[in-house]
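Chains A and B, in that order, give the protein sequences. 1 is the number of the first residue of the first sequence in our numbering; add one for each residue after it. 1 is the number of the first residue of the second sequence in our numbering; add one for each residue after it.
Don't take every hint at face value.
[As the list claims (entries may be wrong)] Cut-off 27 angstroms, straight-line C-alpha distance, at most; resulting in silico cross-link-like pairs (DSSO-like, lysine-lysine): (1) Lys-194(B) <-> Lys-320(A); (2) Lys-87(A) <-> Lys-346(B); (3) Lys-320(A) <-> Lys-191(B); (4) Lys-149(B) <-> Lys-311(B).
[As the list claims (entries may be wrong)] Cβ-Cβ distance ranges computed for the label pairs, FRET-style: (5) Lys-178(B) <-> Phe-143(A): 41 to 49 angstroms; (6) Trp-333(A) <-> Ala-340(B): 53 to 61 angstroms; (7) Ile-123(A) <-> Asn-132(B): 40 to 48 angstroms; (8) Ala-106(B) <-> Gln-321(A): 36 to 44 angstroms.
Hint data in this document are derived by calculation from the structure and do not stem from the laboratory. Glycine included, every Cβ here is placed at the ideal spot set by N, Cα and C.
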Amino acid sequence: MRSFKVLDESRISKSMLSLFGILFILYIVTGLLDPYNFSIPAIGNIFYLAAALGLLAAGQTICMLTGGIDLSLAMIATGAAFIVSVKSSSGLPIALSLALLYCVVIGAINGLAVGLLGMNPLIMTLGMNAVLIGVFTVGVTTFLRGSSTVPDLLITLSTASIIDTSSWVSESVSADPRSWPVFVSIIDTLTWPFFIWALISAVVLFILIKTGLGRLIYAVGDNARAARLAGVKVWQVQTTAYILCAILGGMGGILLGGQSGAVALSLANSFLLPSIAAVVIGGTSIMGGIGNYKGTMMGTLILTSLSSLLTTLNSSEAVKQMIYGAIVLTLAWIYAKISEGA
Amino acid sequence: MNLSTKHVKAGLAVATSITLMAGAAVFAAPAQANNYKIGVSNSWAGNSWRETMVCAIKAEATLSGKVASVTVLSRNTDAAGQSADIRTLKTQGVNAIIVNSGDPSANNAAIAEAVAAGIKVITVDNSTTAPNTTFVANDQVAYGRVGAKALIKAMGGKGNILYMRGASGAGADTDRDKGFREVVAKYPKVKITKEVFTNWDWATGGTLANQLLVPGKFQGVWTSGIDYNVVTAMGKKLKNKYIPVVGSDNNEFIRLSNTLTSKGFVGIVVPNPAIVGGAALKVAVDLLDGKMVPATNLLKPKALTVKKNKKNLASRYVPTQEATFSSTLSLPGYTTFTPAQLFRCKAPQDSNDGGR
Chain A
1 MRSFKVLDES RISKSMLSLF GILFILYIVT GLLDPYNFSI PAIGNIFYLA
51 AALGLLAAGQ TICMLTGGID LSLAMIATGA AFIVSVKSSS GLPIALSLAL
101 LYCVVIGAIN GLAVGLLGMN PLIMTLGMNA VLIGVFTVGV TTFLRGSSTV
151 PDLLITLSTA SIIDTSSWVS ESVSADPRSW PVFVSIIDTL TWPFFIWALI
201 SAVVLFILIK TGLGRLIYAV GDNARAARLA GVKVWQVQTT AYILCAILGG
251 MGGILLGGQS GAVALSLANS FLLPSIAAVV IGGTSIMGGI GNYKGTMMGT
301 LILTSLSSLL TTLNSSEAVK QMIYGAIVLT LAWIYAKISE GA
Chain B
1 MNLSTKHVKA GLAVATSITL MAGAAVFAAP AQANNYKIGV SNSWAGNSWR
51 ETMVCAIKAE ATLSGKVASV TVLSRNTDAA GQSADIRTLK TQGVNAIIVN
101 SGDPSANNAA IAEAVAAGIK VITVDNSTTA PNTTFVANDQ VAYGRVGAKA
151 LIKAMGGKGN ILYMRGASGA GADTDRDKGF REVVAKYPKV KITKEVFTNW
201 DWATGGTLAN QLLVPGKFQG VWTSGIDYNV VTAMGKKLKN KYIPVVGSDN
251 NEFIRLSNTL TSKGFVGIVV PNPAIVGGAA LKVAVDLLDG KMVPATNLLK
301 PKALTVKKNK KNLASRYVPT QEATFSSTLS LPGYTTFTPA QLFRCKAPQD
351 SNDGGR
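Model the full assembly from the supplied sequences, consistent with the hints where possible.
Pasting the structure below:
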């Protein structure tokens, strides 16, 4: 019966509203600390930076809806970006295909181990993470040796505005982006990464809400045994979920690589915990079956705004870490309370 | 049946004691010249810089002709794990241990045990407070100092600096900060207007650069090695109007410093060579040879720019290596390997052709 609750519009809109409220408060506080954050370019920057995390968190959402988790997601993301950059010398289509193959294989291994062999997803994906670190460490000096500079096209797709405005702003005005004409600032804010994130989000939302696969993902996460008794091949759903998760992670990694300009082997490491936090803040149950990607998107924007708030603060690193932890915990707690009440 | 079992048992006992005696004999044998056994303890695996450091140790050991084997214990571990590794190396009977310690004092007990057993202990990169050891590293105070001087020069002696440090509390970060501020204090028109920590993490550094770079706000950026993605971020955030950046000898940063000069970018490369491992190996061999070696051996970094060191920077970029490869290929007076020998990463025992 819980699957009906998921689709309960009033509950979703109430929690979405509270997430929006939290995001708004964070934004106002950041803006009060440094008024630049109220400008259009600063808002655009939040979407720009949220895109990669949003893709990783999309993968994590699908995994967590089935009651799983992917702790190898950061290495999957880094690995995909590394493969694309090193293999781009043999052509971008080949490089992208190899990265896709890599994501599908790793996702399938994770999914089959969890679904068919009944391995605990925490242990399985943590182990996979360690294996991948080893494989790439060896790979750098052997089968993946070469320059890890990201090809120009991917850098453009990861960083540039869809319409290039640089020639519209005269030299004298360009000193401060706040002095740009408003329409230039708005067009500048529409970047490729934002567009890609929006597009993929629409696809993910469609899959989860409108397709049979989406319903199966919720059903398996809600009660795997009941789903199996109802004739669902649970392992197939889980394997598909982990593969989708890996592909989304790979895309996030490539985006992150493009924004860096080149790929380091630790590229996405620090995105693993935020990718999980974004999902949890967004209201998806870590036990599976409850939640949606809209919440994760809000969670992603909240974490990105929080990061921007902490960057604006001139306090010591230790204090920032404490504030970050405290805010994330408070958010999770508030959200749990609101969801209970609904 | 019973008899044969007894015989077998007796045989086993004899064989075991012979093996044990032989083992003890090897353990007790004094270090033979040209036959040194070197142990390496590294607390951070899967990191490009550390991997290159280990390869430099192996390559230099092979070329020295005086080392029989290099045993590397390299893993992501805490002080307890690293202390266990150091003790393992001791029981394996190595003559010298090269330690890149994850903690300045927590491995002291294990190091002291090794020293007491007559093993030479060389700490590399990260200093420790352990007595009777020899330290080999880059001079991090000078690293901060020379980078600051070059940056302020490139900024024309005035302006605001975005100061992107490493990890709060880390020894190298504290030392670099000391050198950096020493210089900045001498220029009243230069101000550090924003100070952040990247934790030497690429994603964190990239996010910070994207959040903080606004046209006109800064006239220069100092990074503690998280460098090239800051330059990439300038393409977008400053619309290709680059401001000077101090970075390390990361392969990609060197490439950008070379190629973006035409667009007005000034990249200041201050090397932090991973092949300092090769220098540590040479010091280890010298100590085992009975030579006198100072307790502290510091490499003196220089700031390199395309304007002044065009040839040097052009030859430093290695297209066959990944972005974060620490692109210093030799340390005159310390290392003798060629780049190919370094990339080959073979210890003396790894190849039957002598590895050369």
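- What hint numbers does the structure not satisfy? As far as the earlier hints go, only 8 is violated by this structure.
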